[in-house]
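One line per chain: the protein sequences are A and B, in this order.
Start counting the first sequence at 259; every next residue gets the next number (the working numbering).
Start counting the second sequence at 259; every next residue gets the next number (the working numbering).
Keep in mind that the hints are not guaranteed to be accurate.
[Stated by the list, open to error] Computed from the model, here is a short list of chain B residues facing chain A with C-beta under 8 Å: (1) Ala474; (2) His477; (3) Gly500; (4) Ala501; (5) Gly502; (6) Gly506; (7) Glu507; (8) Ser512; (9) Gly517; (10) Cys520; (11) Ala577; (12) Asn581; (13) Met582; (14) Pro585.
[Unchecked claim] Covered stretches of chain A, going by a simulated chain B footprint (3 or more residues, C-beta under 8 Å): (15) 484 to 497; (16) 500 to 514; (17) 539 to 553.
I should point out that these hints are in silico values taken from the structure, not numbers from a laboratory.
Here the structure is a predicted model, which is why all the values come from computation and not from measurement.
We put the CB at the ideal spot given by N, CA and C, even for glycine.
There are 2 protein chains.
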Amino acid sequence: MTGVARAGTGTNQEAVRRHNLGTVLRYVHRTGSTSRASLTSQMALNRSTIGGLAATLEDLGLVRRSTPVASRAGAGRPSAGLEVVSRRAYVLAIDVGVDRVVVGRVGLGCDVEVRARVNLPPEPAPEHVAETIVGLVAAVRADASPESTLVGVGISVPGVVREADGMVVFAPNLGWHEVPFAALVRERLGLTVDHVIANDADLGARAEHVRGAGVAVDHLVYVSGDVGVGAGVITDGRPLGGAGGFAGEIGHMSFAPNGLRCHCGSRGCWETQVGAVAIARAIGAPADVVPTLDAVLDDFDGPPESLHEIAHHVGHGLANVINMLNPQVVVLGGYLASLHRLVEPEILAAVRSGVMSAAGGQVLVTRPTLGADTVLVGAAEAAFESLLADPAGVLSR
Amino acid sequence: MTGVARAGTGTNQEAVRRHNLGTVLRYVHRTGSTSRASLTSQMALNRSTIGGLAATLEDLGLVRRSTPVASRAGAGRPSAGLEVVSRRAYVLAIDVGVDRVVVGRVGLGCDVEVRARVNLPPEPAPEHVAETIVGLVAAVRADASPESTLVGVGISVPGVVREADGMVVFAPNLGWHEVPFAALVRERLGLTVDHVIANDADLGARAEHVRGAGVAVDHLVYVSGDVGVGAGVITDGRPLGGAGGFAGEIGHMSFAPNGLRCHCGSRGCWETQVGAVAIARAIGAPADVVPTLDAVLDDFDGPPESLHEIAHHVGHGLANVINMLNPQVVVLGGYLASLHRLVEPEILAAVRSGVMSAAGGQVLVTRPTLGADTVLVGAAEAAFESLLADPAGVLSR
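Generate the whole structure from the sequences, applying the supplied hints.
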């Protein structure tokens, strides 16, 4: 655990306490339950300070005592347990996909309590999507417990997002350019909590890092497959954003200068080889299944021959990503997870033939532990940030 | 400036003071000279604390008072100036290239006081290189001031390096596999200071970030061209290492599945298109000029027609790197700097045609500010780390 602050000159004691309260809550939020002894050792604060922080969080209703937990070594007195009260606070997680919107009500601890989903028409108007979200939000809030406080809204979009001002700079598969989508949603919802918006792959990486295939891993790449292909990257335990937050556009690695024209304007981008359109074409499926390619692939018992070349292209592109970033884990999300289920050995063979031995020796290529919820959970994690930064302050608003 | 620590419980005051002393020295080392007022505002410590730290560094002979410096606004009393005493401490910076070794004696503030260079035979034995280094070190130390203390050795190698144990895992253009080169050099030199070793591109990125084209930039890619091609990456102001420290192998982005066989075992790697061998072939130069391709390119008044296709390949690969990492600055080092001087417009055109507009809009593609010294300066910066972490401790050893 990092980020523990110590009381200093006295002028900033309140800030230090707020910070530490958030750090304890973050830990319980991540782990679901823990013991005071474990918190004491993780945070390097003394027992009474931890006890005081835990008591404050109990008073706020965010955690409760649980059965005492035996220490890891099995020796000594069992330590007082703490567990998250998921119904005390919740966020709205909004996953805008190319063909559908999913809205989840997600309780503290990232418990997805309820989901609602509506399909979208091709290239939907942002206003239409925002209106759709309003309806879904009403649906998922309908049976929320009256004691449960809404503390944030997190929005995922399959495109290039400028997080600072909530602008969707470019979402080619939605047909959006420079859409101030966070503001649009905030305006329609009329909610006063923080609204955050981010790229779907970045949120997928975050979710799998915190609660999925990348727990305890500091270097992870999440590759999203939702018609287009993008990546969210964690290096040294932190998201890789780049100068403008636009890093991870691996769908537009260009492999074939004389290849197919990509909607980005270039030729031969990876997306023209492994995007959903290319795969639908390869398996002879009609173009209108493109947005639901994951379901189509999941219906196959075994891989059709035509997917072998696709698998080769997937592995080839992943090898480039691995050579550049040297991750421990690569998680294939969306329809790429379905593809991985069918042609894992072929993908791995292509990865192996392309990676430098040093970087590629230990890399694990896998599917999301959180399954279809990965991006939704990532959006929820982002939405919980303000509560985790200042638990008492956010609840008193 | 980051990393300022505050005195806490009393038990760790000595550690805090050591840390702050190093932070002040690091600042003066980077800037060459500064004022106490500037240090006070940068470090958010009070005047008397800064004064005490500066006095200690003066006593150690590492800094001296200089002419008072007017405040930036021009108002108020001029503040006491501080400047680095470069001759008080020095490091040995060793730049092992594919065809030569350069050893520099580099004073505090990264003043390259003297360089010595010897050419290497093809695929030199590590022991031979280490012996060569011993001779060069003796040459550059011969006229070192007796008051100047050697505080570290920094070694750059064009290959994949495991920094933790000083192992050169793979340096294809030297023909090295699993060579414990840092230990080999340490043994031959018989010096008791810290020896650090790193990849040449990583050190180039570090040097240009601290003192070159990437000062005040948080996202930078340095592309090394020394027969092969690699990258050193800075993201969020910190080096991107990856799980094993092997990130940045962009020479082995594979573009053409049916392309030329690369020495890494793959086909169609970027290095087969833009490596020194490919360029020598394109301009009809004999193979034995490959290691000195920079000098050959520097002799051209204008670009031969044959370099236009190479420029296109360079820009195409850079676009992929930019799409993935979203840097503010890309620095082309080694023979790629010479190439850039000849065909900059063609490289830029290819970059522009391949980048996503969001990520590529603002990127600057340029040559190293530090010129041929970039990697040497990076090795020196790495070697100064132990002094900057504990100035008094290292000098008293």
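Outcome of the hint check:
| no. | hint | result |
| --- | --- | --- |
| 1 | Ala474 | violated, 12 Å |
| 2 | His477 | holds, 4 Å |
| 3 | Gly500 | holds, 2 Å |
| 4 | Ala501 | holds, 4 Å |
| 5 | Gly502 | holds, 6 Å |
| 6 | Gly506 | holds, 7 Å |
| 7 | Glu507 | holds, 4 Å |
| 8 | Ser512 | holds, 5 Å |
| 9 | Gly517 | violated, 10 Å |
| 10 | Cys520 | violated, 10 Å |
| 11 | Ala577 | holds, 7 Å |
| 12 | Asn581 | holds, 4 Å |
| 13 | Met582 | holds, 6 Å |
| 14 | Pro585 | holds, 6 Å |
| 15 | 484 to 497 | holds (count 4) |
| 16 | 500 to 514 | holds (count 14) |
| 17 | 539 to 553 | violated (count 0) |
When held up to the earlier numbered hints, the structure conflicts with 1, 9, 10 and 17 and fits the remainder.
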